[in-house]
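Asks: Protein chains in written order, with the numbering used here: chain P, 1 to 152; chain B, 1 to 360.
A few of these clues could be false.
[Unchecked claim] List of simulated lysine-lysine pairs, PhoX-like, C-alpha gap at most 25 Å: (1) B:K30 / P:K93; (2) B:K159 / P:K93; (3) B:K90 / B:K266; (4) B:K30 / B:K159; (5) P:K149 / P:K128; (6) B:K309 / P:K93; (7) B:K159 / B:K266; (8) P:K149 / P:K135; (9) P:K93 / B:K153; (10) B:K266 / B:K30.
[Said to hold, decoys possible] Label pairs and their computed distance ranges (CB to CB): (11) B:S47 / P:K149: 19 to 27 Å; (12) B:S311 / P:Q48: 26 to 34 Å; (13) P:K67 / B:R320: 31 to 39 Å.
In short, the hints are calculated from the structure, not lab data.
Since we're looking at a predicted model, the values are computed, not measured.
Even for Gly, the Cβ is constructed at its ideal location relative to N, Cα and C.
Listed below, chain by chain, are the residues.
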Amino acid sequence: MANITRSPWLLHYDGSSCNGCDIEVLACLTPVYDAERLGVMNTGDPMQADIFLITGGINEQNRPTVKQLYDQMPSPKVVVAVGVCACTGGIFKECYNILGGADTTIPVDIYVPGCAARPEAIIDGIVKAVALFQKRSDDYKAKVKEKKKAGK
Amino acid sequence: MGNRSVIPFGPQHPVLPEPIHIDLVVEDEKVVEAVPSIGFIHRGLESLAGKRDFNQLVYVAERTCGICSFQHGMGYCEAVEHIFGVEVPKRAKYLRTIWAELARMHSHLLWLGLLADGFGYENLFYQCWRIRERILDLHELTAGGRLIFSVNKVGGVLKDIPEDKLKEILRTLDEVDDELRVIRSVFFEDRSVISRLKGVGVLTKEQVNELGAVGPFARASGVRVDMRTLGYAAYPELSFAPIVSNDGDSYARCFIRMMELFQSIKLIREAIGKIPAEKELEVPIKGNPDGEYFMRVEQPRGEAFYYVKGSGKPFLERMRIRTPTFANIPALCEMLKNADLADVGLLVLTIDPCISCTER
Ligand code: SF4
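Work out the full structure: start from the sequences and follow the hints.
Replies: Below, the structure is given as structure tokens:
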């Protein structure tokens, strides 16, 4: 991770979680776990975010919101599904109002298990997301370079 | 008269991790009307009553809300136990009380932190959450989970807290007590906190009664409602009196929750002092629930109802939960009228909203 040139920013959105995973995501950002030491920062603005943490499953009402948040994020971006609800629908899978996990609506890169997902697991997910984000932005830069070369 | 415009608040916004959407009709900087719309986290949890039997439903009830998870499980279990007409062993009752009060402490600390964050006092936010981690460590020590600990079952509890762990709880609480005193002096004496909270969002006792608010929110306006006085779990054997304030403003709401933290410490100490040394932690449950019951418990956010109806089958006919935030939303909308736009985030916070249980 030493070659990261920029601090990836986090966006957190609560799909239809029971709150358990949300407050664990928040706990990750507070002093005891302090995910910010990894260079990430929490933001409320999707346009500035690079990593999207989503908790809870998808239902009809929040589907457009999730989709919109994802679309508003600039590429490259990474999506982390936190908790079994966001992974598969979890305990609420059979409820009439749950369509399933986050991957029913947006492409998910990293799945963090747990109910509630433990802060250690979430941080692990974030670390993986940071690495993936770095790789994606490197690829993107390489692509731009190639294009420039071809253009010359 | 200025121009009226509508400002959407949410669903994704910085004051709360949860999505709530309110349409604010504003005139210049004043809010004239607030129209809430909910449903972003509706899962249809109650419908699982037809798909899971009454024992499995404990775990579903616990996931109504991750913050007051324990009390949800407890409320549901007590309702079903009443249908069976069984009495839970005394030690189990005390254990439930200890866990319930620990959960209340973690919830109130969480709220105090969010409140501090809401008015921009970042340091205080981190301090509250740091202390909260100590309570979560106690959850983990005694039950194994940080937030959702699934120790309830219909008829009793699944785990015991042995003597040495009870001592550890007492020891940690002593330290937490000292740390809380420091934070309390900041919340009660700091000029910036006072100027941000005093006289903001006042609701009178009459308004609160009329709109049916519950919990610390109602107690801050002088209404003496606390379901713990009804005497479930081990509360009847502990010395307990609700904390009430008459000011009805945001500061009073902060005061009530702060004082309840100390009250919880006191209750846990007393419960640990009185806990009987029994082996039995559960009573055997035979057959299926037949009948209906209506249980009320006091959660960190106020009174929650559990209505359970069984018809002699393993699957319940109906489970219905009404949660405190749902009861507090009408009062919140009343409070938002005439508020400054800049105060809206803070005022929404003062009811301690828990949207995931409201929408279930
Ligand atoms: S995974 Fe568990 S704790 Fe997390 S949102 Fe779902 S039910 Fe709640």
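Asks: Determine for every hint whether it applies to the structure shown.
Replies: Cross-check of the supplied hints:
{"no.": "1", "hint": "B:K30 / P:K93", "verdict": "violated (43 Å)"}
{"no.": "2", "hint": "B:K159 / P:K93", "verdict": "violated (28 Å)"}
{"no.": "3", "hint": "B:K90 / B:K266", "verdict": "holds (19 Å)"}
{"no.": "4", "hint": "B:K30 / B:K159", "verdict": "violated (53 Å)"}
{"no.": "5", "hint": "P:K149 / P:K128", "verdict": "violated (32 Å)"}
{"no.": "6", "hint": "B:K309 / P:K93", "verdict": "holds (23 Å)"}
{"no.": "7", "hint": "B:K159 / B:K266", "verdict": "holds (23 Å)"}
{"no.": "8", "hint": "P:K149 / P:K135", "verdict": "holds (21 Å)"}
{"no.": "9", "hint": "P:K93 / B:K153", "verdict": "holds (22 Å)"}
{"no.": "10", "hint": "B:K266 / B:K30", "verdict": "violated (42 Å)"}
{"no.": "11", "hint": "B:S47 / P:K149: 19 to 27 Å", "verdict": "violated (59 Å)"}
{"no.": "12", "hint": "B:S311 / P:Q48: 26 to 34 Å", "verdict": "violated (55 Å)"}
{"no.": "13", "hint": "P:K67 / B:R320: 31 to 39 Å", "verdict": "holds (32 Å)"}
In this structure, the hints that do not hold are numbers 1, 2, 4, 5, 10, 11 and 12, in rising order.
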